[in-house]
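Engineer: For the record, the sequence lines run as chains A and B.
If you're matching positions, the first sequence starts at 1 in my numbering and goes up one per residue.
If you're matching positions, the second sequence starts at 435 in my numbering and goes up one per residue.
Honestly, the hints are just simulated from the structure, not real lab data.
Here the structure is a predicted model, which means the values were calculated and not measured.
Just so you know, not all the hints are guaranteed correct.
[What the hints assert, rightly or not] Some chain B residues flagged as far from chain A (calculated, every beta-carbon gap over 12 Å):
1. ARG456
2. ASP457
3. ALA473
4. GLU495
5. VAL496
6. THR509
7. ARG512
8. ALA531
9. MET534
10. ALA571
11. ALA617
[Stated by the list, open to error] For lysine-lysine, the following DSS-like pairs were computed, each having C-alpha atoms within a straight-line distance of at most 25 Å:
12. B/LYS502 x B/LYS615
13. B/LYS513 x A/LYS180
14. B/LYS624 x A/LYS180
15. A/LYS180 x B/LYS508
16. B/LYS508 x B/LYS548
All residues carry an ideal CB built from backbone N, CA and C; glycine is no exception.
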Amino acid sequence: MSFPWAEEYRPKHPLMRWLDERLPLPRLVHGAVGGGYPVPRNLNYFWNFGVLAGLALTIQIVTGIVLAMHYTPSGDMAFNSVEHIMRDVNQGWLLRYAHANGASFFFIVTYVHIFRGMYYGSYKAPRELVWMLGLVILLLMMATAFMGYVLPWGQMSFWGAKVITGLFSAIPLVGESVQKWLLGGYAPDEATLNRFFSLHYLLPFVIAGVVILHIWALHIPGSSNPTGVEVKTAEDTVPFHPYYTAKDGFGAGIFLILLAFVTFFLPNYLGHADNYIPANPLSTPAEIVPEWYFWPFYAILRSFTSDFLLPAKLWGVLAMFGAILLLFFLPWLDPSPVRSGSYRPTFRWFFWILVGDVLVLGYCGGSPPEEPFVMISQLATMYYFAHFLIVLPILSWVEKTEPLPRSISESVLHGEHAEAAPAHLGGISPAAAE
Amino acid sequence: MATVEQSDGTLGAAPEAGVRRRDFINIAAVSFAGVGGVAILYPLINQMNPSADVLALASIEVDLSSIKPGQAIKTMFRKQPLFVRHLTPQEIQAANAVPMSELRDPQTLAERTKPGKAQWLITMGVCTHLGCVPLGASDGETRGPFGGYFCPCHGSMYDTAARIRKGPAPRNLEVPDYNFKSATIVEVGKVAK
Ligand code: HEM
Ligand code: FES
Numbered sequence: 001m002s003f004p005w006a007e008e009y010r011p012k013h014p015l016m017r018w019l020d021e022r023l024p025l026p027r028l029v030h031g032a033v034g035g036g037y038p039v040p041r042n043l044n045y046f047w048n049f050g051v052l053a054g055l056a057l058t059i060q061i062v063t064g065i066v067l068a069m070h071y072t073p074s075g076d077m078a079f080n081s082v083e084h085i086m087r088d089v090n091q092g093w094l095l096r097y098a099h100a101n102g103a104s105f106f107f108i109v110t111y112v113h114i115f116r117g118m119y120y121g122s123y124k125a126p127r128e129l130v131w132m133l134g135l136v137i138l139l140l141m142m143a144t145a146f147m148g149y150v151l152p153w154g155q156m157s158f159w160g161a162k163v164i165t166g167l168f169s170a171i172p173l174v175g176e177s178v179q180k181w182l183l184g185g186y187a188p189d190e191a192t193l194n195r196f197f198s199l200h201y202l203l204p205f206v207i208a209g210v211v212i213l214h215i216w217a218l219h220i221p222g223s224s225n226p227t228g229v230e231v232k233t234a235e236d237t238v239p240f241h242p243y244y245t246a247k248d249g250f251g252a253g254i255f256l257i258l259l260a261f262v263t264f265f266l267p268n269y270l271g272h273a274d275n276y277i278p279a280n281p282l283s284t285p286a287e288i289v290p291e292w293y294f295w296p297f298y299a300i301l302r303s304f305t306s307d308f309l310l311p312a313k314l315w316g317v318l319a320m321f322g323a324i325l326l327l328f329f330l331p332w333l334d335p336s337p338v339r340s341g342s343y344r345p346t347f348r349w350f351f352w353i354l355v356g357d358v359l360v361l362g363y364c365g366g367s368p369p370e371e372p373f374v375m376i377s378q379l380a381t382m383y384y385f386a387h388f389l390i391v392l393p394i395l396s397w398v399e400k401t402e403p404l405p406r407s408i409s410e411s412v413l414h415g416e417h418a419e420a421a422p423a424h425l426g427g428i429s430p431a432a433a434e
Numbered sequence: 435m436a437t438v439e440q441s442d443g444t445l446g447a448a449p450e451a452g453v454r455r456r457d458f459i460n461i462a463a464v465s466f467a468g469v470g471g472v473a474i475l476y477p478l479i480n481q482m483n484p485s486a487d488v489l490a491l492a493s494i495e496v497d498l499s500s501i502k503p504g505q506a507i508k509t510m511f512r513k514q515p516l517f518v519r520h521l522t523p524q525e526i527q528a529a530n531a532v533p534m535s536e537l538r539d540p541q542t543l544a545e546r547t548k549p550g551k552a553q554w555l556i557t558m559g560v561c562t563h564l565g566c567v568p569l570g571a572s573d574g575e576t577r578g579p580f581g582g583y584f585c586p587c588h589g590s591m592y593d594t595a596a597r598i599r600k601g602p603a604p605r606n607l608e609v610p611d612y613n614f615k616s617a618t619i620v621e622v623g624k625v626a627k
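Just need the whole structure built from these sequences, with the hints factored in.
Structural biologist: Structural data, given as structure tokens:
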């Protein structure tokens, strides 16, 4: 599960030796995130985002469990119980704002993490399953966040639940029954709220389970790195602890400062004001928009406006789910033998165009469904699919890539290779190098 | 604590003659467990369908006597908005004047109302696109360019027979089952007995 030069776990204290023979949990930790896990020495800050996502999940679980101690999942009480958390419960406002903004930050770091993987080709062999398990986590996160947003039972909660479960009614023949089954009635109500609360509590723990699989699969080949060149010798790696515990600790500090800033100074900036109006089944808000992290997908959903063989509504739903399902095939849609975008000059252009395209989709998804946004979403949706289905396969054939370094050490040490080696092995002293 | 590591072997298995018998038991046991497992799924999945109390709200009565021509009311039926509209003669005429070929979901006003009661247009107030409540049933709300209802969510426009005319919705506003109990009382949720 690791490189042959990984430092072995050798407990010194007799109690730790006793424990190691019976339940080798400290050994597992040592090998997974301790001194026993060798990691490429050249990881940049984009490699912090996995740990940050784990931190965000932990924050959601901790704040969520305490919110659940004061929340009541019932149509008559849910909205008031959230207001009770905000006004009466000691520091309840802090816990709720941390949970609501924590969800946004969870998506920010996860999206950066995903685009990191796309840029550096982390999805390529032998890490296809790491990539695919990550996408499973993304889908579970989306389901969790959607159901969480229904819990405060405001206008956006109610109408979001109605519109999103309404997507399933697009399925031919069984659609209406599926929607009724999801809601437990004809419209969102008591039954809906209760089951969403139950699942919203459950899914984060399922996510934690899939995270374990994700990391297990990652630790078989070990982390990739900005060069995309695999680890060859002990010189290419440093132990996770203390090198990356320190680097991740620094990243976590920045992350927490930003989360605290938004939680304390802009707690409602990322939310929608209409969700402070209690749910009313008889009146639709002027405009239904989901949380910002769903906007790109919402834009794809709405960009199908006319029937073509299938009803427009069904196309929209297929395209929206397809936008994520497509990513499961990414390891095979991009067969270029060069992993990292740093050595793929043309790919790099298209990568940044894709990032721009997704931002445009996000902007349109958050805007009213009027021109010019509809037309822009249509073009951007087309480009999104073209990037994966046309651009990437063709690029892998025609692109002239740049020469790769022979090893990670060569790339980080440039000409200073000899300098880094101990003097008696032919190294030169720094003074002599000057 | 000392524990015994070995016993004298009296528990060793006797030579097995009927291997096929064991195979049979294996397959039978596993299949039985499989069938049981699938059977347990049924209640686990079906519990999520609408419960009896939700289904019990399945019919309501609406009094029409106070709705004047041109007016409409919004009420609740199965936890969803229901529109009851008293059409004016002009609105009826407008609906009847539309050629079928212009409709996405072709239906006449007569097919969407009860015989002799064409002025009573009773529909769900649920846009067939993604389920918003269209505007036009309450005083002062816009009725859209076709004079029926207008859905603000994604701009679906319905005419005076609540038929979809423009916008993303695929179908006309749904007409629920209902019957006239008397000249001014309708029972929504039940067909005439
Ligand atoms: C994957 C992790 C999670 C995500 C992404 C998430 C997301 C959300 C979101 C977006 C809301 C709506 C916030 C608002 O607008 O008020 C919410 C509410 C809520 N969540 Fe979570 N959540 C997660 C984990 C949990 C856990 C583990 C619990 C534990 C039971 C929990 C309990 C609650 C409760 C009680 C509410 C309603 C109170 C409120 O609205 O603030 N959540 N969640
Ligand atoms: S829900 Fe009415 S137009 Fe989309």
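Engineer: Does each hint fit the structure? Answer for all of them.
Structural biologist: Checked hints:
Every beta carbon of chain A lies more than 12 Å from that of B/ARG456, the smallest distance being close to 35 Å; the non-interface claim holds. No Cβ of chain A approaches the Cβ of B/ASP457 within 12 Å, the least distance being about 34 Å, so the stated non-interface status holds. Non-interface call for B/ALA473 relative to chain A: holds, since the shortest CB-CB distance, roughly 19 Å, exceeds 12 Å. The claim that B/GLU495 is not at the interface with chain A holds, since no C-beta of that chain comes within 12 Å of its own (minimum 18 Å).
Non-interface call for B/VAL496 relative to chain A: holds, since the shortest CB-CB distance, roughly 15 Å, exceeds 12 Å. The Cβ of B/THR509 sits about 9 Å from the closest Cβ of chain A, inside the 12 Å cut-off, so the non-interface label is violated. Not every CB of chain A is more than 12 Å from the CB of B/ARG512 (nearest about 4 Å), against its label as outside the interface. With a minimum CB-CB distance of about 25 Å to chain A, B/ALA531 clears the 12 Å threshold, and the non-interface call stands.
At roughly 18 Å, the least C-beta separation between B/MET534 and chain A is larger than 12 Å, which holds for a residue marked as non-interface. The non-interface label for B/ALA571 is inconsistent with chain A: the shortest C-beta to C-beta separation is roughly 9 Å, within 12 Å. Every CB of chain A lies more than 12 Å from the CB of B/ALA617, the least distance being 27 Å, so the non-interface label holds. Using a Cα cut-off of 25 Å, the hinted pair B/LYS502 and B/LYS615 holds, with the two alpha carbons roughly 19 Å apart.
Our distance criterion of 25 Å between C-alpha atoms is met by B/LYS513 and A/LYS180, whose separation comes to about 12 Å. A threshold of 25 Å between alpha carbons decides the hint, and for B/LYS624 with A/LYS180 the separation of about 19 Å falls inside it, so the pair holds. A C-alpha spacing of about 22 Å is found between A/LYS180 and B/LYS508, which places the hinted pair at or below 25 Å, so the restraint holds. About 19 Å separates the Cα atoms of B/LYS508 and B/LYS548, which keeps this hinted pair within 25 Å; it holds.
Checked against the numbered hints above, the structure violates hints 6, 7 and 10; every other hint is satisfied.
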